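The lines below spell out each chain.
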Amino acid sequence: MINTGRRKFIKLIGSSSALIAASGLLSTCSKSPDKARVVIVGGGFGGSTCAKYLQRFDSNLDITLVEASARYITCPFSNTVISGMQQMDSITHDYSAHKNRGIKVIHAMAQDVDPAGKKVILDNGDVLAYDRLVLAPGIDFKWEDVEGMNKDDAETIPHAWKGGAQTILLRKQLTSMPNGGVVIIAAPENPFRCPPGPYERISLIAHYLRQHKPKSKILVLDAKDSFSKQALFKQAWGKLYPGMIEWIGGSNGGRVDEIDVVSRTLYTESGDTHKGDVVNFIPPQKSGDLAHRAGLTNADGWCFVNQRTFESQTHEGIYVIGDACIAGKMPKSGFAANSQGKVCAAAIVTSLSGTDLPDPSYVNTCYSLVSPDYGISVAAVYRFNQEDGIYKSGGGVSPLDADASYRAQEARYARGWYDSITQDSFG
Amino acid sequence: MRIQLIKPLLIILFCSTPLQATEITRGVMLSNSCAACHGTDGKSPGAIPSIYRKSPEFISQALLDFREGRRPATVMGRHASGYSDEEIQMIADYFSSLP
Numbered sequence: 007m008i009n010t011g012r013r014k015f016i017k018l019i020g021s022s023s024a025l026i027a028a029s030g031l032l033s034t035c036s037k038s039p040d041k042a043r044v045v046i047v048g049g050g051f052g053g054s055t056c057a058k059y060l061q062r063f064d065s066n067l068d069i070t071l072v073e074a075s076a077r078y079i080t081c082p083f084s085n086t087v088i089s090g091m092q093q094m095d096s097i098t099h100d101y102s103a104h105k106n107r108g109i110k111v112i113h114a115m116a117q118d119v120d121p122a123g124k125k126v127i128l129d130n131g132d133v134l135a136y137d138r139l140v141l142a143p144g145i146d147f148k149w150e151d152v153e154g155m156n157k158d159d160a161e162t163i164p165h166a167w168k169g170g171a172q173t174i175l176l177r178k179q180l181t182s183m184p185n186g187g188v189v190i191i192a193a194p195e196n197p198f199r200c201p202p203g204p205y206e207r208i209s210l211i212a213h214y215l216r217q218h219k220p221k222s223k224i225l226v227l228d229a230k231d232s233f234s235k236q237a238l239f240k241q242a243w244g245k246l247y248p249g250m251i252e253w254i255g256g257s258n259g260g261r262v263d264e265i266d267v268v269s270r271t272l273y274t275e276s277g278d279t280h281k282g283d284v285v286n287f288i289p290p291q292k293s294g295d296l297a298h299r300a301g302l303t304n305a306d307g308w309c310f311v312n313q314r315t316f317e318s319q320t321h322e323g324i325y326v327i328g329d330a331c332i333a334g335k336m337p338k339s340g341f342a343a344n345s346q347g348k349v350c351a352a353a354i355v356t357s358l359s360g361t362d363l364p365d366p367s368y369v370n371t372c373y374s375l376v377s378p379d380y381g382i383s384v385a386a387v388y389r390f391n392q393e394d395g396i397y398k399s400g401g402g403v404s405p406l407d408a409d410a411s412y413r414a415q416e417a418r419y420a421r422g423w424y425d426s427i428t429q430d431s432f433g
Numbered sequence: 098m099r100i101q102l103i104k105p106l107l108i109i110l111f112c113s114t115p116l117q118a119t120e121i122t123r124g125v126m127l128s129n130s131c132a133a134c135h136g137t138d139g140k141s142p143g144a145i146p147s148i149y150r151k152s153p154e155f156i157s158q159a160l161l162d163f164r165e166g167r168r169p170a171t172v173m174g175r176h177a178s179g180y181s182d183e184e185i186q187m188i189a190d191y192f193s194s195l196p
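In the order they appear, the protein sequences are chains A and B.
Quick note, the numbering used here runs 6 ahead of the 1-based positions in the first sequence.
Quick note, the numbering used here runs 97 ahead of the 1-based positions in the second sequence.
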């Protein structure tokens, strides 16, 4: 007996031919020829998070992550390696979790994008067709704006602003320099990757020098007149490393005009000459190279996007997240890239399904270690409106009057932060 | 027999409906922000407390207390300042109802 409801139900199908047709759909469905194809280029915090959350939002998507390296070495916490507190393996991650959840991971360089044909061309000869493309190319350096130094000279004067061999090189130079030597750190003009990063680096190099080469000095030549968490950093330097760090702002002679690589000498706009035993020159920055080749960048070298969805304002169906894009008030940080990766994933899934994207919420939390047990932080929540783009709706920095236990707690949370964000992005 | 008859229809429904694992709601958008520090789904691998499947009362009260300065905090007072009562409830409902 078939009950009335079931009878109506089956009537909807109608004849046996309809059943056969439906059965045909079974094989069609299992082959999934209509799966939307999303290609993500760049396996850093932004790209990896986006791939993971795309898969979590819609497990029916055909997701491919293109990343040149089999292992990703993070910029966050690389200062702990430079200062000898941690080893490289502690900041190295792979893509096995992504592969295990069904994301295709291709280790190749994306050479070009064909926005009209919706294709990505890889250096291994593969051509990937996409329905949606996410570019998370990170940063490249404006060597063309640096007088006296080019890309290859970073083997002598490391930037260490991308995790990897440069991190190790700067560490080696610090361990080789004499007690009583001078470390020069040149910080770039805004915008650049990780605004508090140079100042955490200064702090942790000071921590290393105080222990091992206490007669040494750190000279900071800054292109800017102010910097992230400035009051907190300067307070901590006075307490922990008195007399060791001299910071010169841009208007007071901090802007570097020219570099003599061989003698490790920096010439400033103000006419001063500074020679270092170790020089860490962090060059001015722009979007990663692929964004330029794809024609997505503005005159300053960054990508304009719809800040609600991260879709490029230049090419439909291409999204740019992370350091490469202009994201309103959000800084260029791994944490911001993680947050943008999730919003972008939601924007893509809703656009593919024809549903509405709920109002996005974005967040940034950046901890900086000033010593192993002294942490400071900046935290912010961001929202979007048409007039302002992404704006800050809440947040703040660590209080200046906090006691030692608060700083120690923030140092502990800084490590917890690293464990969590790398798990959320790569795990 | 009944199962055999209904199977193709289920497949039609299955194929024509997006296999969206998660309905993307405002609560999802808000709560995913928390995962970067508290771990995916609020399951923290390190020093930051887990919030996975904590009761909605616990999460909403903690966030309200952080926001109003009634509970000692490092970053959480600053973060909570960015959320309305309604949004705090959405976050609490999301993490408490995860499978």
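In case anyone wonders, no lab produced these hints; they're calculated from the structure.
Just to be clear, a hint being listed does not mean it is correct.
Unchecked claim - As a list, the in silico DSS-like pairs of lysine-lysine whose alpha-carbon atoms are at most 27 Å apart:
{"id": "1", "chain 1": "A", "residue 1": "240", "chain 2": "A", "residue 2": "157"}
{"id": "2", "chain 1": "A", "residue 1": "105", "chain 2": "A", "residue 2": "124"}
{"id": "3", "chain 1": "B", "residue 1": "151", "chain 2": "A", "residue 2": "105"}
{"id": "4", "chain 1": "A", "residue 1": "124", "chain 2": "A", "residue 2": "41"}
{"id": "5", "chain 1": "A", "residue 1": "168", "chain 2": "A", "residue 2": "157"}
{"id": "6", "chain 1": "A", "residue 1": "110", "chain 2": "B", "residue 2": "140"}
These numbers come from a predicted model, not from an experiment.
Hints and how they fare:
no. : hint           : verdict
1   : A:240 to A:157 : 32 Å, violated
2   : A:105 to A:124 : 24 Å, holds
3   : B:151 to A:105 : 30 Å, violated
4   : A:124 to A:41  : 15 Å, holds
5   : A:168 to A:157 : 13 Å, holds
6   : A:110 to B:140 : 25 Å, holds
The structure fails hints 1 and 3 (numbered hints given earlier, in ascending order).
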